[in-house]
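Protein sequence lines correspond, in order, to chains X and V. Those letters in the first sequence? Residues 1 to 190, per our numbering, in order. Those letters in the second sequence? Residues 191 to 719, per our numbering, in order.
The hints are simulated quantities; they were obtained by calculation from the structure and are not laboratory data. Values in this document were obtained by computation on a predicted structure and should not be read as measured data. The C-beta atom is built at its ideal place from N, Cα and C for all residues, glycine as well. You can take every hint at face value.
With a cut-off of at most 27 Å between alpha-carbon atoms, the simulated DSSO-like pairs for lysine-lysine come out as follows:
#1 V:K406 with V:K376
#2 V:K586 with V:K463
#3 V:K463 with V:K702
#4 X:K164 with V:K251
#5 V:K546 with V:K690
#6 V:K288 with X:K164
#7 X:K181 with V:K251
#8 V:K419 with V:K601
#9 V:K579 with V:K601
#10 V:K275 with X:K181
#11 V:K406 with V:K653
#12 X:K89 with V:K251
#13 V:K690 with V:K581
#14 V:K251 with V:K288
#15 V:K546 with V:K442
#16 V:K419 with V:K604
#17 V:K442 with V:K376
#18 X:K164 with V:K275
Some residues of chain V that are not near chain X, with every Cβ distance over 12 Å (derived):
#19 K579
#20 I608
#21 P698
If you want a taste of the chain V side facing chain X, the calculated C-beta under 8 Å gives, among others:
#22 R223
#23 I224
#24 H249
#25 P279
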Amino acid sequence: MSIHNKIIFTILSISYLLFTGCAASYAPDNWLPDTQDVPQNIYGGWITLITEPDSLNPDEQWMQYSGEFISYDESNIYLLYDSLYQIPKSKIRNCTLELDEKNATAYGVWVFLGTVSTLSHGYYASITAPLWLLFGIPSAVGESVRDRYEEEPPTQEYWDSINKFARFPQGISDIDLTSIKPVFNFNETE
Amino acid sequence: MKSISYFIKPVISRILLFLISVSLIFYPNCGSRIERISESPEQFPVHKSSQDLPFLKLHMKNGDLYVLENWNFIISKDSVSGSGKLFNPNRELIFEDKFTVPVSQVVLAETNQINASAGAGALVALTVVTGIFTIVCIANPKACFGSCPTFYAYNGYDYIVQSEGFSSSISPALEERDVDALYRIKPLSEDFEVQLRNEAYETHIIRSANILAAPKPEGGRVFATPDGKYLQAINITEASSITAAEGDISEKLCSFDGAERFSEADSNDLAAKETIEVTFYGPASDSMGIVIAARQTLLTTFLFYQTLSYMGTTAGDWLANVERNKNQFKHLLDNPRNILGNIEVLIQNENDEWEKIGEVGETGPIATDIKIVPLTKISKCESDDSAIKVKLRMAKGLWRIDYVALADIVKEVKPEIIFPSTSSPEFANNSSVTELLANPDSVLVTFPGDKYLINYNLPADYKNYELFIETQGYYLEWMRNEWLGEENAERVYQMFLNPKQFYKDLAPQFKKVEAEMEETFWSSKYVYP
Chain X
1 MSIHNKIIFT ILSISYLLFT GCAASYAPDN WLPDTQDVPQ NIYGGWITLI TEPDSLNPDE
61 QWMQYSGEFI SYDESNIYLL YDSLYQIPKS KIRNCTLELD EKNATAYGVW VFLGTVSTLS
121 HGYYASITAP LWLLFGIPSA VGESVRDRYE EEPPTQEYWD SINKFARFPQ GISDIDLTSI
181 KPVFNFNETE
Chain V
191 MKSISYFIKP VISRILLFLI SVSLIFYPNC GSRIERISES PEQFPVHKSS QDLPFLKLHM
251 KNGDLYVLEN WNFIISKDSV SGSGKLFNPN RELIFEDKFT VPVSQVVLAE TNQINASAGA
311 GALVALTVVT GIFTIVCIAN PKACFGSCPT FYAYNGYDYI VQSEGFSSSI SPALEERDVD
371 ALYRIKPLSE DFEVQLRNEA YETHIIRSAN ILAAPKPEGG RVFATPDGKY LQAINITEAS
431 SITAAEGDIS EKLCSFDGAE RFSEADSNDL AAKETIEVTF YGPASDSMGI VIAARQTLLT
491 TFLFYQTLSY MGTTAGDWLA NVERNKNQFK HLLDNPRNIL GNIEVLIQNE NDEWEKIGEV
551 GETGPIATDI KIVPLTKISK CESDDSAIKV KLRMAKGLWR IDYVALADIV KEVKPEIIFP
611 STSSPEFANN SSVTELLANP DSVLVTFPGD KYLINYNLPA DYKNYELFIE TQGYYLEWMR
671 NEWLGEENAE RVYQMFLNPK QFYKDLAPQF KKVEAEMEET FWSSKYVYP
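All chains, full assembly: derive it from the sequences and hints.
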C-alpha cells in the first residue's frame, strides 16, 4: 500500500472508530441542557422506548416513543412529547435515557485534528500519534456514552435507578397529569 | 513522511488497535459526570448551604418545584430558605423571589454533583461535595431514644407514659391509627389532661389524638382486643403458676406494676422462640379471655435503626419507594415482622395438641399496652384438675411482660369518642392544637422537645369508664451520621426477602450491645420528664 493510501486508511480507521463507538442522541436539538446547567434544569431527561408488538395482534408493530421522562409507577412509564404517553412496562424491550448535551463531536474533532497534527512531529509522531489515539478515541466515545442509561430489556432495578431523572421523581399520585402541557405543540406550528 | 511509515507499520497498528479496543470496552463504563441525589426530608442537609451545593431543588407533593440558590437550612424552624424560582407541574414560572419552604411539605430534595470529565482531563470540573447531613445522637446511635410521640397521663401519683403513638409509621404511606389503654391512670375530674411530648430526635406528624371512653361493668374493667373490639370483663384472676425457662416467674406477672419479665435474645438467632406456661385454676368457659400487658424490648429499636444503617445514603430512596408503592412495601415489611412475630397464645385442643388461638403485640419499647385475647374452644378441653393451661410463645428477648391474668368476658361495648377540648403549648410554638387535631385534613407537627397539654371533657360519671387513647399519624426519622458507614444494600434485601437468615446473621452484633442498650436508650431522651 502506498504511503498516500496508508494515510487515508489511517484517517478512515480513526473516523470509523470514533463514529461506531459514539452513541447517537435521540433528543431534539437544544432540548438537553449542557452538563453544567443540569443542576438547575427543571425537566426530566429524554427517554426513548422501543416496544414490541403483542404476539396476539398481527397488526401491531414495533414502536419507538421518545419524549421527556415524566414519571413511572408500578405498571407504566409516562413520557411527554406531543401529548402524555402512558407506556406499559411489560411491552418495553429497550429503553435509553439521556440527561445532557454531550461534547462527543467536539472531542472527536479534537482527537482527529490532534492526531493529524502529529504529522508535524517528525520522528516523535511515532509516540505522540499513538498517544492521541489511545486516549483520545476512548475519551470521545466515553463522552458520548456517559450519563446515558440504556437497558434491554429494562428491569425494575433499572426503572428505580433512573427515576430520579424524571420530571416528577416524587411520584405522580397527587399530580393531575391531564393538566400537563405537551413539550411540542404541532398545532401551533401549522 | 518517513515517520508515517513507522506509525502505520502493521505490527504497531495492530497493537494500537488492540489497546484502543480494550480501552473502549472498559472506559465508557467509568465516565459518569452527573451524580444526582434525591433525598427525603429527613436527610435534608442541615449544616450545608449553597456554598457547598449551588442549587437545591425541592419537589413538592403537587408537582411544584422550587429551584433555590443562595439557600440555607433553618434548624429552629425546620425549613429551607433561599432565593430562586417556583415552577408549577407544567414547569411554568410562578414566582421568582426569596422563599422559606417548610421541610414537612417537601417530598424530595434533589442535589446534583457534576464531576470532572475523566476523558477530557483538561475540562474544568465543578467539584461539589454532597454529604449526608444528620443530627448526632448522644451515645450508641442504635440505642437512641425514639421515635414516636409519647403520651403521659396522671396515675394518682405522677404523670407516667401511657402510650407511644403509631410506632411503626415511619413514613406518610405507613400512617396508621393506634389505640392504647390508659389502664393505670386515675382521672381526678371530668377535666382530663394528657401530656403530648416529642422526646425523640424525630419530627412527628399527628393527625388526631382522641380519648375513647368505654363503660365498665360493675366490679370489672374493659379491655381492647388485638382486632379492635372492646370487651367488658370481670373476675380478673391472677395465674396460679407461670413458668419460663428460668423457672417460676409468677411473682413478676401477678400485677400490672412495672415489674416485668424479659429474657435475653438468642445468641445465634434473633427469631428463636421461647414459651411461658401459665396455669389458672377454675372452670373453663368460652367467655373467658387472657389478659396480657407487655411492651417490646429494645431489640426492635436495634433492628429498625440497623436497617436504616444498612440503607445508609439510600434511605431516602427506600422511603420514597414506600410512598410510591405503598401496598407492595407493606407486604414486604410483613416478611421480617412475621418471622419475629408477636406473643402467641396457645391452648390444648381435644387431641392435646397446642393450638394458636390468638396473639398480642404492639410495636414499641416505651409504653406497656394491655389487651385481652378471648380463649375460644377452651371449654372443649377436658382437664382432670380444673386447671386452665395456656402457653405464650414469643421470640426470645423481644418482649417485656408485666401482667398476665384470666377474666370472664361479659360483652362487647362501643366506646364514646372524646375529642380534645382545649390545649396549651408548654414548650412549643403552636397554639391551635385542638383545631389541627379536630380537622382530619390538618396535622400537628411537633419537633424535638415540644410538649403540649391537651384537655378532654370526660363524661360526668367518668369513674365508670375505661379510658383509651386513640392516635393517628406518622413520624419522620432523621439519619444519624454514625449509621452511614454501614451502608449495605444486600442486607436490606436480605431482611425483606430472607428474614430468617437476616436474624441469624445479626444475632452476634445485637448480643454485643444488648446489655448496655437500656441505659443508653433511657438516658438519650431529648427531654427529661
